[in-house]
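Q: Chains A and B are the protein sequences, given in the same order. Under my numbering, think of the first position of the first sequence as 1, with each following residue one higher. Under my numbering, think of the first position of the second sequence as 1001, with each following residue one higher.
In short, the hints are calculated from the structure, not lab data. Idealized CB from N, CA, C, for every residue including glycine. There's no promise every hint is true.
[Claimed, not checked] Residues of chain B clear of chain A, computed beta-carbon distances all greater than 12 Å:
id: 1; residue: VAL1060
id: 2; residue: LEU1202
id: 3; residue: ALA1218
id: 4; residue: ARG1244
id: 5; residue: ASP1441
[Claimed, not checked] One-sided and incomplete, this derived list gives chain A residues near chain B with beta-carbon spacing under 8 Å:
id: 6; residue: ILE15
id: 7; residue: GLN17
id: 8; residue: THR32
id: 9; residue: ILE79
id: 10; residue: ALA83
id: 11; residue: THR92
id: 12; residue: SER93
id: 13; residue: SER99
id: 14; residue: THR157
id: 15; residue: GLN242
Each chain, written out:
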Amino acid sequence: MAEKTLVNRGIRLLILQIVLALVAGTLVLPFTWMLLASLKTLEEIGLDSWLPRVFQWHNYQDVFNMKGILFGRWYWNSIFVAAWVTFLQVFTSSLAAFSFSRLEWKGRDQIFFLYLATMMLPGLVMMIPNYQNMIMFGLVDTYPGLILPSAFSAFGTFLMRQFMMSIPKSLDEAAEIDGASKWQLYWDVVMPLARPAVVTLTIFSFMGNYNSMFWPLVMMKSLDKYTLPIGMLAFDSSQGQQTNLLMAAVAMSVIPMIIIFVFMQKQLVKGIMLGGVKG
Amino acid sequence: MGMKGKDWRNLCIGVAFITPNILGFLAFSAIPLVISFFMAFTDWNLALHNIFRNEPLKFVGFDNFVRLFGERDFLQYLGNTLFLMIGIPFGVAGSLGAALLLNCDFKAGGSRRVWLIVLLTVIMVVAVSILTLFGMGASAMSILIASVFGLVLVAGGIGGQSVYRTLFYFPCFTAGVATFILWKKLYSPENGPINHAIQPVLDVITPWASSLTPGHAALAAQVVLALTLVVTLWGFYRKLRDWRDGEVGTLSLFIGLVLLTLPLLLVWSWSPWRWSHWVFTAVAVLGWLTTFGVLIKGRSYEAVLDRGMADAVILDGLLMVIGFAFIGGANVLADLPAMAGTETGLMAPKWLADYYWAKPALLIMGFWAAIGSNNMLLYLAGLSGIPQELYEAADIDGATPFQRFWNITWPQLANVTFFILVMSIIGGLQGGFEMARTMTDNGGPAGATTTLSYYIYSEGFDTGRLGYASAVSWTLFAMVFVVTMFNWKFGNRYTQE
């Protein structure tokens, strides 16, 4: 009897493994094709076989030397813009969250509620007037114009506040008795303890911005100021028939996402649960 | 008077900390919002108001909104947006399935794990050698595909849940312009791997399909449609029964009907086949008639007006999915002989370049990304929160796996499902811009993939009709607002119950 259940369990486990592998393998197939296509010559692209005859590793180098495709530059721009947005978002959100969660002042909760309500506004509604304002201030086609509108996040404030609420209040009182100012309280006591939330917001914010397309598409006019998403768009529409190089560029452009995911997997999963279940 | 010096001090400090955020919020959200609201009531148009020609801005009242609902384009794009949201129940089901799979017991400790890996490797080797020996076409290809699956299998055998979770999640977290471009290439009618894989299969089917007479095909299609009818009516019946038992309220009954009739309308606009129209008219009319009939006759039943909202929405979502699968099958069946009878035989679809296939193509890609999405993680969290005692009690009663799922897992996950559905609907209403821009050549073919968000973009930034574009975006906002309020009211209540 016991032996039989053991065998049954083994078979169940095996079937489960195979089903999982089938699903996961199917999901990964497009990426497999992408990697192999990026190593083909252009003539081999239309063939039935996915495998290149000779691996054309130089395709990856060629992407950087294409005419009209400033791939390296776009890569840098994307990381630069996303880093700035992330820094500003984390900074302003944590300041506001600190005030909303740990300082007592009149009207605090009402303002927070009002603030939360804006989370459901579709960004689209604000896009057109925002763009008109950018024209007025002469910020079109500049990095500040690209960075500033995304630098203030109601979602980030919400996420940080939820986390800061869970830090015991007694710490504040102890620090105040020691004569700490509010700023010191924020910087030396709360922020170090809120590290998990900071990391989560950093990941979300960076990923969101690295992928964002709408605002850069509207704002950036000169080729050398493009970020990767709109750069890839330009690549596709001007020289998209060079599928092998395009696929090499696509493969390279998802690398930062993969790095973030591999190193931050646990944080990310936790963060989604923190933001999602409450949100 | 009420404020003492200390209160003032606290207020100042508190406000000082939120100042940077609030300033940005005012500058980039609040003020633009107000401007946008006023713009919606003006004739602001870049063709009339620019540096060369500066006519005074006119207030036109509700003209923009009135024009909107008379404009065929707007209605088509609204339809497209809703059509693409059909993917939501599929995606939710997919992510639930993935979460359930990942949640299965993986623990294979010590020596058993080694055996498992050995066994998996053997399976892989055998599979590859079979493929090579009996050669499924290009043998290098089969080896390649088999080794991809084999690698996944072995990696999963070693790493267990975390490996699979990573692989499942991969399509979702890399989603963006990059993967849209990748899929555009995958869908390429001549050079894409998808059609390369489909075409040989279709070539095999062609002789068989062309031997079918149109009469037989139509008959088969009608049988499938009849099945759809049965399933949908069963759904109505179940809903009515629940309502009579007081498990769902009148309001949920209506929500369900709207949800069930909406896809019918959409399919109507999409599929030109006359039989499907008849069946759907019948379903819709019957459904609405029964509902009204029961409502009038059955006043004495007392149920809270809006009870069981989440249950109702989820059940109808399920029925919607089944209905769609049947409808798609019936349409393909009915068209089969005609398509196979042409000179070229059955041809693989042109996907993004074809008016009828463009939206399904986007849905398929969406499904690929949705299986292992954030929703899967939410479901995993939800699954870990279900008390084990419930399952133990069910085991003692001798429940089958299906009963365990239907009576414990599903109801326990109901609020997660509801939350995911609502969030997906809100996202879906605003979605589709990136795909229209990246994959389908600006919302083509013939506007088949232009969603409301892309419409706003093109009106605002290409055509320059800023006032009109603002009106569209406020209409969209109104829809999102309704869904949010719905969630706020019923979502909370459901969790409390």
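Q: Look at each hint and say if it fits the structure.
A: Against the structure, the hints come out as follows:
1. Separation of B:VAL1060 from chain A is adequate, the least Cβ-Cβ distance of about 17 Å exceeding the 12 Å criterion.
2. Distance check for B:LEU1202 against chain A: the nearest CB is about 15 Å away, which clears 12 Å, and the non-interface claim stands.
3. No beta-carbon of chain A comes within 12 Å of the beta-carbon of B:ALA1218; the shortest separation is about 34 Å.
4. No Cβ of chain A comes within 12 Å of the Cβ of B:ARG1244; the nearest lies about 34 Å off, and the non-interface call holds.
5. The Cβ of B:ASP1441 does not lie farther than 12 Å from every Cβ of chain A; its closest approach is about 9 Å, which violates its non-interface assignment.
6. Contact between A:ILE15 and chain B, as hinted, is not supported at the beta carbon level, the nearest pair being about 10 Å apart and thus beyond 8 Å.
7. Given the 8 Å rule on beta carbons, the hint for A:GLN17 holds: about 6 Å separates it from the nearest Cβ of chain B.
8. Hint status for A:THR32: holds, given a least beta-carbon distance of 6 Å to chain B, under 8 Å.
9. With its C-beta approaching chain B no nearer than about 15 Å, A:ILE79 sits outside the 8 Å limit, and its interface hint is violated.
10. Against a cut-off of 8 Å between C-beta atoms, the interface hint on A:ALA83 is violated, since the closest Cβ of chain B lies about 17 Å away.
11. Interface hint at A:THR92: satisfied, since its Cβ lies 4 Å from the closest Cβ of chain B, which is below the 8 Å cut-off.
12. Because the beta carbon of A:SER93 sits about 7 Å from the nearest beta carbon in chain B, less than 8 Å, this interface hint is met.
13. Because the smallest distance between the Cβ of A:SER99 and any Cβ of chain B comes to about 4 Å, under 8 Å, the interface hint for this residue holds.
14. The restraint placing A:THR157 at the interface with chain B holds, with a minimum CB-CB distance near 6 Å, inside the 8 Å limit.
15. For A:GLN242, the shortest C-beta to C-beta distance to chain B is roughly 11 Å, which exceeds 8 Å, and the interface hint is violated.
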